[in-house]
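Turn these sequences into a full structure, and let the hints guide you.
Each residue of the sequence shown is one higher than the one before, starting from 1 at the first, in UniProt numbering.
Treat the hints as calculated values from the structure; they're not laboratory data.
Treat the hints with care, as some may be off.
As the list claims (entries may be wrong) - Straight line, CA to CA, 27 Å or less: simulated DSSO-like cross-link-like pairs of lysine-lysine: (1) 180 <-> 2; (2) 24 <-> 287; (3) 92 <-> 56; (4) 303 <-> 255; (5) 69 <-> 163; (6) 69 <-> 56; (7) 30 <-> 92.
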Amino acid sequence: MKSIKVNNIEKSISSLVMGSDYFKPDIMEKVTEVLNNYMEIGGNTIDTAYIYAGGKSEEAIGIWMEENKRRDDVIILTKGGHPNHEGPQINKEAIDRELSISLDRLRTDYVELYALHRDDPNVPVGEILEILNSHVEAGRIGAFGGSNWSIERLQEANDYAEKNGLVGFSFNSPNLSLAKAQEPYWPGCVSVDDSILSWHERNNMPLFSWSSQARGFFTGRFTPEDRSNEDLVRVFYNDENWERYHRAEQLAKEKGVETIQISLAYVLNQSFPTGAIIGPQNSNEMKSCREAADITLTEEEIKWLDLRTK
1 MKSIKVNNIE KSISSLVMGS DYFKPDIMEK VTEVLNNYME IGGNTIDTAY
51 IYAGGKSEEA IGIWMEENKR RDDVIILTKG GHPNHEGPQI NKEAIDRELS
101 ISLDRLRTDY VELYALHRDD PNVPVGEILE ILNSHVEAGR IGAFGGSNWS
151 IERLQEANDY AEKNGLVGFS FNSPNLSLAK AQEPYWPGCV SVDDSILSWH
201 ERNNMPLFSW SSQARGFFTG RFTPEDRSNE DLVRVFYNDE NWERYHRAEQ
251 LAKEKGVETI QISLAYVLNQ SFPTGAIIGP QNSNEMKSCR EAADITLTEE
301 EIKWLDLRTK
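Rendered as structure tokens:
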């Protein structure tokens, strides 16, 4: 499997990153099966967050790592700073507290990758960088990034870091998929558009995409007439995305693969380092993702899928 290098992280990160938003200790048999299958296909990075399953996701991962002695075999990407009923949580007290709780749940004293789940534009980037750098210096996190941050704020933060001798943001985690979101799936979410693509191409910053397969849009289970999935209709149903679907379907037939595999290959064949956060729940779905990771798409094919060429 292809891998990605992130600044300040010694290990390479597998291009397929295992999502865990439904993990809970009361389904440990399922969690263990999924993670074991994931490791068997060559994956090594697990994505989680302080808020996933009310904290149960991190707990389940911690149990799995401890009981199976796998901590040294995996890279953990967890996230904090998601707004709650009190509002934005991008401040020293909240970040310190949430990271401490996350580490306790994960049964470890560090995570390789840490992302702020949201931004708070009212907080100066210098203040945020000081908070995160203190955790890097203490060894609690290896590198940090932004999830659902604007590229303007990422650029501002990294310009500040360079001028002030601080560690900057090493990765970005928005939604990148072949189907383009016409509105945020959840409030405050960021989906990649042409300007974000161009920024990543210029900066070569690694990107880890959530909803990399567009919430199942390319599975073949949906049609323009089937409007039963309200969120999918709201976010992805438009003429351009159905044209992208048909092009992916055509290219899949030419290559002898599945349409959904083309959609995943699209994410993994960008001109800058990309990883795809995936959510397979059985061995067949895991195998499909692994096969998709081996598909090579040319620059011309990427442009064609993106409707940039006829």
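Hint check results:
1. Our distance criterion of 27 Å between C-alpha atoms is met by residue 180 and residue 2, whose separation comes to about 25 Å.
2. For the proposed pair residue 24 and residue 287, the alpha carbon gap of about 23 Å is at most 27 Å, so the pair holds.
3. With a C-alpha separation of about 24 Å, the suggested pair residue 92 and residue 56 falls inside the 27 Å cut-off, and the hint holds.
4. Taking the CA atoms of residue 303 and residue 255, the gap is near 17 Å; set against the 27 Å cutoff, the hint holds.
5. The straight-line distance between the Cα atoms of residue 69 and residue 163 is roughly 41 Å, outside the 27 Å bound, and the hint therefore fails.
6. A C-alpha spacing of about 19 Å is found between residue 69 and residue 56, which places the hinted pair at or below 27 Å, so the restraint holds.
7. In summary, the hint linking residue 30 to residue 92 is not supported, as the alpha carbons are separated by about 36 Å, beyond the 27 Å threshold.
Hint compliance for this structure: hints 5 and 7 are broken, all remaining hints hold.
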